[in-house]
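Undergrad: Residues per chain are reported as follows:
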Amino acid sequence: MSAFIGKYAEELIKTAKYIATPGKGILAADESTGTIGKRLASINVENIESNRQALRQLLFTTPEALTYLSGVILFEETLYQKTTDGKPFVDVLLENNVIPGIKVDKGVVELAGTNGETTTQGFDSLGSRCQQYYKAGARFAKWRAVLKIGVIEPSALAIEENARGLARYAMICQENGLVPIVEPEVLTDGNHDVKKCAAVTEVVLAAVYKALNDHHVLLEGTLLKPNMVTPGSDSPKVAAEVIAEYTVTALRRTVPPAVPGIVFLSGGQSEEEATQNLNAMNKLEVLKPWTLSFSFGRALQQSTIKKWCGKTENVPAAQQAFLARCKANSKATLGKYIGGEGGDAAASESLHVKGYKY
Amino acid sequence: MASMKLSAPPATSQWIGGGRSTFERRVSMLPMVRRGAVAPIRAGAYTDELVQTAKSIASPGRGILAIDESNATCGKRLASIGLDNTETNRQAYRQLLLTTPGLGDYISGAILFEETLYQSTTGGKKFVECLRDENIMPGIKVDKGLVPLPGSNNESWCQGLDGLASRCAEYYKQGARFAKWRTVVSIPCGPSALAVKEAAWGLARYAAISQDNGLVPIVEPEILLDGDHAIERTLEVAEKVWSEVFFYLAENNVMFEGILLKPSMVTPGAEHKAKASPETIANYTLTMLKRRVPPAVPGIMFLSGGQSEVEATLNLNAMNQSPNPWHVSFSYARALQNSVLKTWKGLPENIDAAQKALLVRAKANSLAQLGRYSADGEAEEAKKGMFQKGYTY
Numbered sequence: 001m002s003a004f005i006g007k008y009a010e011e012l013i014k015t016a017k018y019i020a021t022p023g024k025g026i027l028a029a030d031e032s033t034g035t036i037g038k039r040l041a042s043i044n045v046e047n048i049e050s051n052r053q054a055l056r057q058l059l060f061t062t063p064e065a066l067t068y069l070s071g072v073i074l075f076e077e078t079l080y081q082k083t084t085d086g087k088p089f090v091d092v093l094l095e096n097n098v099i100p101g102i103k104v105d106k107g108v109v110e111l112a113g114t115n116g117e118t119t120t121q122g123f124d125s126l127g128s129r130c131q132q133y134y135k136a137g138a139r140f141a142k143w144r145a146v147l148k149i150g151v152i153e154p155s156a157l158a159i160e161e162n163a164r165g166l167a168r169y170a171m172i173c174q175e176n177g178l179v180p181i182v183e184p185e186v187l188t189d190g191n192h193d194v195k196k197c198a199a200v201t202e203v204v205l206a207a208v209y210k211a212l213n214d215h216h217v218l219l220e221g222t223l224l225k226p227n228m229v230t231p232g233s234d235s236p237k238v239a240a241e242v243i244a245e246y247t248v249t250a251l252r253r254t255v256p257p258a259v260p261g262i263v264f265l266s267g268g269q270s271e272e273e274a275t276q277n278l279n280a281m282n283k284l285e286v287l288k289p290w291t292l293s294f295s296f297g298r299a300l301q302q303s304t305i306k307k308w309c310g311k312t313e314n315v316p317a318a319q320q321a322f323l324a325r326c327k328a329n330s331k332a333t334l335g336k337y338i339g340g341e342g343g344d345a346a347a348s349e350s351l352h353v354k355g356y357k358y
Numbered sequence: 001m002a003s004m005k006l007s008a009p010p011a012t013s014q015w016i017g018g019g020r021s022t023f024e025r026r027v028s029m030l031p032m033v034r035r036g037a038v039a040p041i042r043a044g045a046y047t048d049e050l051v052q053t054a055k056s057i058a059s060p061g062r063g064i065l066a067i068d069e070s071n072a073t074c075g076k077r078l079a080s081i082g083l084d085n086t087e088t089n090r091q092a093y094r095q096l097l098l099t100t101p102g103l104g105d106y107i108s109g110a111i112l113f114e115e116t117l118y119q120s121t122t123g124g125k126k127f128v129e130c131l132r133d134e135n136i137m138p139g140i141k142v143d144k145g146l147v148p149l150p151g152s153n154n155e156s157w158c159q160g161l162d163g164l165a166s167r168c169a170e171y172y173k174q175g176a177r178f179a180k181w182r183t184v185v186s187i188p189c190g191p192s193a194l195a196v197k198e199a200a201w202g203l204a205r206y207a208a209i210s211q212d213n214g215l216v217p218i219v220e221p222e223i224l225l226d227g228d229h230a231i232e233r234t235l236e237v238a239e240k241v242w243s244e245v246f247f248y249l250a251e252n253n254v255m256f257e258g259i260l261l262k263p264s265m266v267t268p269g270a271e272h273k274a275k276a277s278p279e280t281i282a283n284y285t286l287t288m289l290k291r292r293v294p295p296a297v298p299g300i301m302f303l304s305g306g307q308s309e310v311e312a313t314l315n316l317n318a319m320n321q322s323p324n325p326w327h328v329s330f331s332y333a334r335a336l337q338n339s340v341l342k343t344w345k346g347l348p349e350n351i352d353a354a355q356k357a358l359l360v361r362a363k364a365n366s367l368a369q370l371g372r373y374s375a376d377g378e379a380e381e382a383k384k385g386m387f388q389k390g391y392t393y
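Just so you know, the sequences run in chain order R and G. The opening residue of the first sequence carries number 1 in UniProt numbering; numbering runs sequentially from there. The opening residue of the second sequence carries number 1 in UniProt numbering; numbering runs sequentially from there.
Where hints are given, some of them may not hold.
To give an idea of the interface, some chain G residues facing chain R are shown, with a C-beta separation under 7 Å as derived from the structure [what the hints assert, rightly or not]:
(1) G61
(2) G145
(3) I187
(4) G190
(5) E236
(6) E239
(7) S243
(8) F247
(9) A250
(10) F256
(11) K290
(12) R291
(13) R292
(14) P325
Calculated from the structure, these hints are not laboratory results. No residue lacks a Cβ here, since even glycine has one placed at the ideal position from N, Cα and C.
Isolated chain R, as found in the complex (with noise of 0.2 Å):
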């Protein structure tokens, strides 16, 4: 057979243009329980649900925000929270055309005879467990596999299991309804230059594209949400341009012009450094058939959480920086940004934190 058309055929490709309108992103807010403590232990709250839940409905409810994204990945317990004022989350977004996504992964675990390199687990269910998702509202999905660049890795051994993970992911995802994103993450810890970091992505994406192509995945329904291609995280930085050129060539080499977008993740880079790379991707004078957009966790939120502290008085002032992040996003993807306007000192900061667990 080629591709899989089944019942939601149609409303898949449709929900995945959609999210890739140029002008709008993705936010991640899909931490899990134990990843959202670490950030909320940074500004000294209690991981708590109800301080779970203030933070989202810090971010859902910023006026205006909305409108520079076209989808929030949530993690399982926000999908059924609400607002203080009983409204669920998931109308919010809708209201405001912004599609629910939901993180379906059940994290990482270590490949056995590898140097540490992982799996992704989660597939125990995982039909049913979408097709509840699509009752509460979601329509599009998120599952993260992880590569990390070494003397000897990624080895074929991870290549091939997480490329194959990600593809039976997809194709269950869209039997159940939903837009699968695909996330085939190659961290930047190490100290290896941006070339290293273009080879393995081009292998690695080649690799996931097969899989996906074997599994007769509708690529006209899905998302790509690729690492940039930076140099290591120990070693030195190079200017944006240059990571746009070779993330650009990567993706001209691998990603067919049937998948309609590609929302990148930030992964530790600071919030001014990865609206500074997607902009000068998208300034780039070659074909690009697909949008370029982002799918961004902590380069959103970092600096919203540092204002926020937890407190109430603080939700105004928090909102705007959310806000400024939006829009400066929302700039990059037309390649319009012009630096530094999306904030202040906390926007620089590096994010990267070292063997990083999602």
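Using the hints, position chain G against chain R.
TA: Leaving out everything else, chain G in the frame of chain R:
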């Protein structure tokens, strides 16, 4: 290009795809050979030239004239107009084609058979020079033909890897700048997974060797028209074939900015009950290409595979009604030469008319590449189908 310091790999190195250990061995045998960058991001000695060549061939309003018929096949063409299959006649025929004035307005590349690459006009001018003068890239068929694939379902595979590197290097010296290798896939025979894998892998190996020797590889896995299957089946097979091809090309570190594709269009089988309109063919073909061809590939030059001259042009035209991420054009043999042969009939007094006939077809396909072709006024001869069951090239 920044040079990379290479240190000895660890004893149990399992580099991605095993490429590095091979690369290391080669470098230690040839210490003076410097590569621009580690192989996986596909740089080599000819990188810039390959990109330029591919771009030149994929220029707007132009396509490829395929005249690489083997001597035996060329003999069939000559026989059809009552001529003997001698070198003189083959030379005369190719001279007619290659000295057509103004050909370069519509043709960006010409694929030659080995004999032709070394031939000259009766006036002593090398064919390769004639082409260069018209800004037409000379290309060369480098495969050694199809043979039965053991263990398959009566399918074929394409030979030609032995000595390919030195052949390519020789051809480059002689003036060729692109190569072509044609393998086939048969839907009535399956195709078997074995046949598809072999076709894709052979193409990938050929492509890497070509690029290593300065020739832009045209990648041609022809899905034969033979069969009574519906267009959906062709789409399925085409998606499978191209998925394998691109994966193996990537594994062989082929640089996509320096290749061209020569696919068959996605159509129903020749014996299928219903014919498909050019719009339907365009729709299915473009869907397939968008699902499989990364935008780094500069050009897609369709084969005609037995369609009539007008059909081939109409279908190409339908594919160019809106902008595509790659140049979508033609690489036609029969669909450009049929009327020419019939006009020439082997007589010197017909040469002018025959050359004009070539220009008519070339211009029609040029317009089709630009999406501006109309079939009004086409001769009946041009509409005659050229499908032959079990056609051997």
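Undergrad: Can we keep the K290(G) interface hint, with Cβ of chain R closer than 7 Å?
TA: holds, 4 Å
Undergrad: Is the interface hint for E239(G) satisfied, with its Cβ closer than 7 Å to some Cβ of chain R?
TA: Given a least distance of 5 Å, the restraint on E239(G) holds.
Undergrad: Quick check on R292(G) please, does its C-beta sit within 7 Å of some C-beta on chain R?
TA: holds, 6 Å
Undergrad: For the restraint on R291(G), tell me whether the closest CB of chain R is nearer than 7 Å.
TA: holds, 4 Å
Undergrad: With 7 Å as the cut and Cβ atoms as the points, is I187(G) at the interface with chain R?
TA: Since chain R brings no Cβ nearer than about 13 Å to I187(G), farther than 7 Å, the hint is violated.
Undergrad: Using 7 Å as the Cβ threshold, decide whether P325(G) counts as touching chain R.
TA: For P325(G), the interface hint holds, since the closest Cβ of chain R sits about 4 Å away, which is under 7 Å.
Undergrad: Would the hint on F256(G) be counted as holding, given a Cβ-Cβ threshold of 7 Å to chain R?
TA: holds, 5 Å
Undergrad: Using Cβ atoms only, decide whether A250(G) comes closer than 7 Å to chain R, and label the hint accordingly.
TA: For A250(G), the interface hint holds, since the closest Cβ of chain R sits about 4 Å away, which is under 7 Å.
Undergrad: Holds or violated: is there a CB of chain R closer than 7 Å to the CB of G61(G)?
TA: Violated, about 18 Å.
Undergrad: Do the numbers back the hint for S243(G), that is, is its least Cβ distance to chain R under 7 Å?
TA: Status holds, d = 4 Å.
Undergrad: With a cut-off of 7 Å on the beta carbons, see whether G190(G) makes it to chain R.
TA: violated, 15 Å
Undergrad: Go through the hint on E236(G) and say holds or violated, using the shortest Cβ distance to chain R against 7 Å.
TA: holds, 4 Å
Going down the numbered hints, you'll see the structure goes against 1, 2, 3, 4, while the others check out.
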